[in-house]
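Protein chains in written order, with our numbering: chain A, 1 to 248; chain B, 249 to 728.
Be a bit skeptical, because a hint or two may be false.
[What the hints assert, rightly or not] The following label-pair restraints were derived from C-beta to C-beta distances:
hint: 1; chain 1: B; residue 1: GLU665; chain 2: A; residue 2: LYS194; range: 29 to 37 Å
hint: 2; chain 1: A; residue 1: GLY13; chain 2: B; residue 2: GLU665; range: 42 to 50 Å
hint: 3; chain 1: A; residue 1: LYS5; chain 2: B; residue 2: GLU665; range: 51 to 59 Å
hint: 4; chain 1: A; residue 1: ASP69; chain 2: B; residue 2: THR669; range: 35 to 43 Å
hint: 5; chain 1: B; residue 1: LYS406; chain 2: A; residue 2: LEU118; range: 52 to 60 Å
hint: 6; chain 1: B; residue 1: TYR654; chain 2: A; residue 2: GLU109; range: 45 to 53 Å
hint: 7; chain 1: A; residue 1: SER147; chain 2: B; residue 2: THR661; range: 34 to 42 Å
[Said to hold, decoys possible] Not everything, but these chain A residues come out facing chain B in the computed CB check (under 7 Å):
hint: 8; residue: ARG77
hint: 9; residue: LEU82
hint: 10; residue: VAL88
Hints listed in this document are in silico derivations from the structure and should not be mistaken for laboratory results. Bear in mind the structure is a predicted one, so any value in this text is a computation, not a measurement. Note that beta-carbon positions come from the ideal geometry of N, C-alpha and C, so glycine has one too.
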Amino acid sequence: MLQIKNLHANVDGIEILKGINLEIKAGEVHAIMGPNGSGKSTLSKVIAGHPAYEVTEGEILFEGTNIEDLDADERARMGIFLAFQYPVEIPGVSNSMLMRQSYNAMRREHGEEELDPLEFDDYVRGKLDLVEMDPKFLDRSVNDGFSGGEKKRNEILQMAVLNPKMALLDETDSGLDIDALRIVSDGINKIKSKDKGVLLVTHYQRILNYITPDFVHVLKGGRIVKSGGKELAHQLEDQGYEEVVEAK
Amino acid sequence: MSETDALDSVVSQPYKYGFKTEVEYEEFPRGLNEDIIRMISEKKGEPEFMLEFRLKAYRNWLKMEEPTWPNVDYPPVDYNNIIYYSAPKKKPTLDSLDEVDPAILETYEKLGIPLNEQKLLQNVAVDAVFDSVSVATTFREKLAEAGVIFCSISEAVKDYPDLIKKYIGSVVPANDNFFAALNSAVFTDGSFCYIPKGVACPMELSTYFRINNEESGQFERTLIVAEEGSSVSYLEGCTAPMFSKNQLHAAVVELVALDNAEIRYSTVQNWYSGDKNGVGGIYNFVTKRGICKGVNSKISWTQVETGSAITWKYPSVILQGDNSIGEFYSVAVTNDKMQADTGTKMIHLGKNTRSTIISKGISAGESNNSYRGLVKIGKKADGARNYSVCDSMLIGDQCGAHTFPYIESANSTASIEHEATTSKIGEDQIFYLQQRGLDEENAVSLIINGFVKEVFKELPMEFAVEATKLLSIKLEGSVG
Ligand SMILES: Nc1ncnc2c1ncn2[C@@H]1O[C@H](COP(=O)(O)OP(=O)(O)O)[C@@H](O)[C@H]1O
Ligand SMILES: [Mg+2]
Numbered sequence: 001m002l003q004i005k006n007l008h009a010n011v012d013g014i015e016i017l018k019g020i021n022l023e024i025k026a027g028e029v030h031a032i033m034g035p036n037g038s039g040k041s042t043l044s045k046v047i048a049g050h051p052a053y054e055v056t057e058g059e060i061l062f063e064g065t066n067i068e069d070l071d072a073d074e075r076a077r078m079g080i081f082l083a084f085q086y087p088v089e090i091p092g093v094s095n096s097m098l099m100r101q102s103y104n105a106m107r108r109e110h111g112e113e114e115l116d117p118l119e120f121d122d123y124v125r126g127k128l129d130l131v132e133m134d135p136k137f138l139d140r141s142v143n144d145g146f147s148g149g150e151k152k153r154n155e156i157l158q159m160a161v162l163n164p165k166m167a168l169l170d171e172t173d174s175g176l177d178i179d180a181l182r183i184v185s186d187g188i189n190k191i192k193s194k195d196k197g198v199l200l201v202t203h204y205q206r207i208l209n210y211i212t213p214d215f216v217h218v219l220k221g222g223r224i225v226k227s228g229g230k231e232l233a234h235q236l237e238d239q240g241y242e243e244v245v246e247a248k
Numbered sequence: 249m250s251e252t253d254a255l256d257s258v259v260s261q262p263y264k265y266g267f268k269t270e271v272e273y274e275e276f277p278r279g280l281n282e283d284i285i286r287m288i289s290e291k292k293g294e295p296e297f298m299l300e301f302r303l304k305a306y307r308n309w310l311k312m313e314e315p316t317w318p319n320v321d322y323p324p325v326d327y328n329n330i331i332y333y334s335a336p337k338k339k340p341t342l343d344s345l346d347e348v349d350p351a352i353l354e355t356y357e358k359l360g361i362p363l364n365e366q367k368l369l370q371n372v373a374v375d376a377v378f379d380s381v382s383v384a385t386t387f388r389e390k391l392a393e394a395g396v397i398f399c400s401i402s403e404a405v406k407d408y409p410d411l412i413k414k415y416i417g418s419v420v421p422a423n424d425n426f427f428a429a430l431n432s433a434v435f436t437d438g439s440f441c442y443i444p445k446g447v448a449c450p451m452e453l454s455t456y457f458r459i460n461n462e463e464s465g466q467f468e469r470t471l472i473v474a475e476e477g478s479s480v481s482y483l484e485g486c487t488a489p490m491f492s493k494n495q496l497h498a499a500v501v502e503l504v505a506l507d508n509a510e511i512r513y514s515t516v517q518n519w520y521s522g523d524k525n526g527v528g529g530i531y532n533f534v535t536k537r538g539i540c541k542g543v544n545s546k547i548s549w550t551q552v553e554t555g556s557a558i559t560w561k562y563p564s565v566i567l568q569g570d571n572s573i574g575e576f577y578s579v580a581v582t583n584d585k586m587q588a589d590t591g592t593k594m595i596h597l598g599k600n601t602r603s604t605i606i607s608k609g610i611s612a613g614e615s616n617n618s619y620r621g622l623v624k625i626g627k628k629a630d631g632a633r634n635y636s637v638c639d640s641m642l643i644g645d646q647c648g649a650h651t652f653p654y655i656e657s658a659n660s661t662a663s664i665e666h667e668a669t670t671s672k673i674g675e676d677q678i679f680y681l682q683q684r685g686l687d688e689e690n691a692v693s694l695i696i697n698g699f700v701k702e703v704f705k706e707l708p709m710e711f712a713v714e715a716t717k718l719l720s721i722k723l724e725g726s727v728g
């Protein structure tokens, strides 16, 4: 589904990603772990097509198509979704209006009829339960004045609404208390399926107790320095990045 | 396409109202002197007091200096090279549309303001002002049933001289400022509304101003009087053709609210703003002021300023009656070389008077957008309260946003709160929305619509739709 080959990327002329290779197949969950500043968010933003990051070498294929020249919105409409580590606030734009516009943009892309506000309301209310969110969040401005945890839940709500093929979850677990972590993880588990890929970025193994990864990769200094199965996460938790990575 | 290009194409839309209507004009010679003023007054068949009012204003004006304190820059205006009276030749009797020049009716159709009552929105009465004169006022009979007077100010001067004599210049004195004095001397038309005691005006009233003649200035005058316990919502819209010359628009609007009366005044200003290089466009130098004369009265100004080469405008409220309320909601959009210096004055005189100011400035291109506001609390205004929010949004890095809030308080029991923010449309906001599948242009217009929402929700329904459309005309464009 997603193939990343020898990916190098710069921001402001500084090379952050230094040759990433990764393949995610439908139905797989890949966890990317690594210390702060190792390039995890950069990797997810580059995949999503953030204009500030420049790909200098290598390629990203999504369902066999090279997406290098596609804008972020085109990639999104192909089915790539990024749950942001720091979701931005958009004052005055209601959450439900944004989700309706997004959802209708996806539907148009697939030649489907757009939903009118009433139809969409029915649809979105059905998704609220997945992340145990109060309907009042639909009318509030996007992320405006949301707590850290509410923002993260809202990201997963959007994901549930848009139903992407490939989900990039950037530290969705950080800032969540244990109950919220369980709710959000349950939500993700319900959304994921055998025809979807998940890239789960985290630097704690905590969330991996709820969402079982098929593969775990350790990112350091812009490179994947170690890959393994889910047991690698436990090893990292027990021994720390330094030791695990040095011991290769 | 780069982000800046997308922003550019989103905010730089061609002006859709720039056509000129071919009509035959009756014009006075260029220039300004007492003879011209006498001619205007005579042409309009005015009573003597009106001519006196004009001449006094003119003599004051001669002694006045054009203000230089606004944060705008323009070459000197030659006041003797302007045509002060210009009217379509075919003089209609205002009771019948049959006698209005078809070219003019067509103009209003094209502008989306059909004057034919059958086609009009059922709950909006329109006074259409074309260059110097009112060409039609709709729904007069229906309004008359409720006792509401809605007519051109020229007619009002003749038909209701007592009301005019009592109120004209009572809020904006003829010598108030340079442009108000000029207007008082040469105003040619405008609208008059009178809402009798206890009447809630049964429909929205609106005036649609159109400048068509390249050489003439537009000097209209609006007077709205709301008697005790009455209420009215008034809308004002304006457009002009694209000319490479600048036209002067110097209007005066006066509002009077008596005990328990309420006036809502909304403007969507879309005068031609000149081309990319700043050639042409309207100089919009306007004095708008309301007085909450009675207790518990309320005046609310809502303005959406999207046009004009230069805007100089401070709709204000004098809060004289105890417990009266003044509100100012404003969105000012500037692009290319446009300059806007706009804001409000809230003058608290009565006890427990309250005012709210919400100003949203959007600057793009190489434009300059200034908010200038005064909150003044008089000695006797015990318990007066003001709350002001002034937000600026910058698009690109060649434009400017400025805030000049002035506060003068002579009463220690007053409370004044002022908040101001400046933000740039962020790459990260746009990326976030694009990541959700919206294209760049939609993303930008969604962010801007969110930014102005607090103000747009104050507009009457019909206008909110028009204003949103107008904003998206300015904001939509072919990406690329
Ligand atoms: N816009 C930027 N300008 C300069 N450096 C950046 C920028 N964005 C990220 N970086 C740098 O890139 C590195 C990787 O950042 P990031 O991908 O956010 O790490 P992580 O998500 O793994 O904590 C860090 O050293 C960070 O400072
Ligand atoms: Mg990160």
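Hints, one by one, checked against the model:
1. The hint said 29 to 37 Å for the Cβ distance between GLU665/B and LYS194/A, and at roughly 57 Å that hint is violated.
2. Under the hint 42 to 50 Å, the C-beta atoms of GLY13/A and GLU665/B, about 45 Å apart, fit the expected range.
3. Checked against the hint of 51 to 59 Å, the C-beta distance between LYS5/A and GLU665/B comes to roughly 57 Å, which is consistent with it.
4. Against the hinted window of 35 to 43 Å, the Cβ-Cβ separation of ASP69/A and THR669/B comes to about 37 Å, which satisfies the hint.
5. Between LYS406/B and LEU118/A the C-beta distance comes to about 53 Å, which sits within the given range of 52 to 60 Å.
6. The given range of 45 to 53 Å is respected by TYR654/B and GLU109/A, whose C-beta atoms sit roughly 52 Å from each other.
7. Distance hint check: the CB atoms of SER147/A and THR661/B are about 37 Å apart, consistent with the given range 34 to 42 Å.
8. The interface hint given for ARG77/A holds, since its Cβ lies 5 Å from the closest Cβ of chain B, which is under the 7 Å cut-off.
9. The restraint placing LEU82/A at the interface with chain B holds, with a minimum CB-CB distance near 5 Å, inside the 7 Å limit.
10. Proximity of VAL88/A to chain B holds as hinted, the smallest CB-CB distance being about 5 Å (cut-off 7 Å).
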